[in-house]
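Student: What follows is the residue order along each chain.
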Amino acid sequence: MAKPTASPVRTGLVHLALIIYTLIALFPVFLTVINSFKDRSSIFRDPLGLPTPSTFSLIGYQTVLGQGDFVLYFQNSFIVTGVSIFFVLLFGAMAAFALSEYRFRGNTLMGLYLALGIMIPIRLGTVAILQGMVAAGLVNTLTALILVYTAQGLPLAVFILTEFMQTVSDDLKNAGRIDGLSEYSIFFRLVLPLVRPAMATVAVFTMIPIWNDLWFPLILAPSDATKTVTLGSQVFIGQFVTNWNAVLAALTLAIVPVLVLYLIFSRQLIRGITSGAVK
Amino acid sequence: MSTVAEVSIDRAEDRHRRRWHILVFLAPALLVYTAVMILPLIETLRLSLFNVKDNQSIFVGFGNFQVLFGDPRWAASFWNALRNNFVFFLIHMLVQNPIGVALAALLSVPKLRFGAFYRTAMFLPTLLSFVIVGFIWKLILSPIWGVSPFLLDLVGLKSLFSPWLGKPGSALIAVSLISVWQYVGIPMMLIYAAMLNIPEEVLEAAECDGVTGWSQFWKIKLPLILPSIGIISILTFVGNFNAFDLVYTVQGALAGPDGATDILGTLLYRTFFGFQLQIGDKSMGATIATVMFLIILSGVCLYLFAIQRRMRRYQF
Chain A
1 MAKPTASPVR
11 TGLVHLALII
21 YTLIALFPVF
31 LTVINSFKDR
41 SSIFRDPLGL
51 PTPSTFSLIG
61 YQTVLGQGDF
71 VLYFQNSFIV
81 TGVSIFFVLL
91 FGAMAAFALS
101 EYRFRGNTLM
111 GLYLALGIMI
121 PIRLGTVAIL
131 QGMVAAGLVN
141 TLTALILVYT
151 AQGLPLAVFI
161 LTEFMQTVSD
171 DLKNAGRIDG
181 LSEYSIFFRL
191 VLPLVRPAMA
201 TVAVFTMIPI
211 WNDLWFPLIL
221 APSDATKTVT
231 LGSQVFIGQF
241 VTNWNAVLAA
251 LTLAIVPVLV
261 LYLIFSRQLI
271 RGITSGAVK
Chain B
280 MSTVAEVSID
290 RAEDRHRRRW
300 HILVFLAPAL
310 LVYTAVMILP
320 LIETLRLSLF
330 NVKDNQSIFV
340 GFGNFQVLFG
350 DPRWAASFWN
360 ALRNNFVFFL
370 IHMLVQNPIG
380 VALAALLSVP
390 KLRFGAFYRT
400 AMFLPTLLSF
410 VIVGFIWKLI
420 LSPIWGVSPF
430 LLDLVGLKSL
440 FSPWLGKPGS
450 ALIAVSLISV
460 WQYVGIPMML
470 IYAAMLNIPE
480 EVLEAAECDG
490 VTGWSQFWKI
500 KLPLILPSIG
510 IISILTFVGN
520 FNAFDLVYTV
530 QGALAGPDGA
540 TDILGTLLYR
550 TFFGFQLQIG
560 DKSMGATIAT
570 VMFLIILSGV
580 CLYLFAIQRR
590 MRRYQF
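Residue numbers (the numbering used here), protein chains in the order written: chain A, 1 to 279; chain B, 280 to 595.
For reference, chain A alone in the conformation it holds in the complex:
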């Protein structure tokens, strides 16, 4: 039976609608980036024009790099995000392995307990978290942020990785056991390499909220030495709010790493979402 083919008009309308929304999604970002390369007067005279040789200016970037400690902020963000992801993946995979591989009393209950954090935001415990960090002397340290983000990322990581680990063949693990591998070697040498795609998905999901978070840096680590790039640009833009060149340049600098990472990982991320990793 011949399938009814969509009429060209309908296909055209579908594309038109999608293009309009794509423009809505990209336009603000585009506008910010092009204007960050223009001098002040042309930012206002012709906001939509591309930078030309006569209007090109890097004055905003000079201000940002001269005034703000953006290199340090970037470094802090990289450390916090990187270390947190490492611990989320390691601890998450270990717990997921225990939950999916062994049958023990309280297994289901443990799974539910760890899954609680998917729905209940960690932010609600902030009052006591700050209190605890003060008591432990961790205020204004990156360690405080790493601890909080590790705890925040674990529930989803355990949940996703448990589902994936259930698909790893039992024969393989038992073959390893017969060969005399310890349970630890089975986990690190046999299972971990096999769930690498799932780990990548979890890493991307974990990374975005950590990199973008403003709440915990603001409350736990607002000192100059520990500002993350999100908090750093918030404070910087707040101070330079009338210096449009500097604000636009700071925004562009904050967008670029996300954009680069997104272009690298978008396939992974979108496949992760559409394959139902998050249910």
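Note that these hints are calculated values from the structure, not bench results.
Among the hints, a few may not be true.
[Said to hold, decoys possible] Covered by chain B, per the in silico footprint, the following chain A stretches (three or more residues, Cβ under 8 Å):
#1 94-107
#2 115-129
#3 154-161
#4 183-190
[What the hints assert, rightly or not] Derived contacts from chain B toward chain A, CB cut-off under 7 Å, selection only:
#5 Leu-305
#6 Pro-307
#7 Ala-400
#8 Leu-406
#9 Ile-415
#10 Gly-564
Keep in mind that this is a model prediction, so the values were computed, not measured.
All residues carry an ideal CB built from backbone N, CA and C; glycine is no exception.
Got chain A sorted already, so can you dock chain B onto it with the hints?
Tutor: Positioned in the frame of chain A, the structure of chain B alone reads:
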């Protein structure tokens, strides 16, 4: 069969001989999660029942809640924040999710070209931090820059422009729509995934029965993606009642103009952490956090017990 038997014997031996490795695998995650997330959450709930008098913590029962709901110093801003939060959520449900469903339906048109490009582009705002999103829109909506009046002029609607973010009547709607712009990618992606999972045969059968186009969407696809819409609703609910960052970057901690965009997250921040002349109050902060916890918990429970159970799961 013999291998299966051996395995189960092996497992049984496992259980008796070397059990403690299970603990080693579980311990790090359990420890961090419990110490940094669960215990502080419980402690926060406990703190909401105490207040500080003469530097001493005393048990006041539900006294803090009475103050929050009824005392003139607190009640007005609390009920204002709660109402705004519901409006914030309502706008997301009415704008973000329908647009997300519509985009997903368009993306799942069979043999669509450039589909991957559209998806990647439309999901980009979701990844940007609130700081970027907040300030970009603040600039765009600013009457000083004149981008929005200029764009409205292009479609002949220049007279409609006003400094929306600065007016008490429109500020909350403007902030909500900025948030919708940022997050529309999530419902779009989840619904798109659900639509991909609808088997070809079901749609072909519908076509044979003459159900195509719009009626196919309403009668076949929509019922099949209802579970996903349920999940999106609860994710939106939790996210909205926990929101803070966007309002903070766009309108500041005071959530101006005149508290028009104040939601529970910003109220919690000001109360607990203090802002300008207001001194931070731990007990009242914990009380607001507890109210937020109860709101989110009841939303999640409503979803789990009332909505998800009634929804038929279609198995293919």
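Student: Next step is simple, just say for each hint if it's right about the structure.
Tutor: Here is how each hint holds up against the structure:
no., hint, in the structure
1, 94-107, "holds (count 8)"
2, 115-129, "holds (count 13)"
3, 154-161, "holds (count 3)"
4, 183-190, "holds (count 3)"
5, Leu-305, "holds, 5 Å"
6, Pro-307, "holds, 4 Å"
7, Ala-400, "holds, 5 Å"
8, Leu-406, "holds, 5 Å"
9, Ile-415, "holds, 5 Å"
10, Gly-564, "holds, 5 Å"
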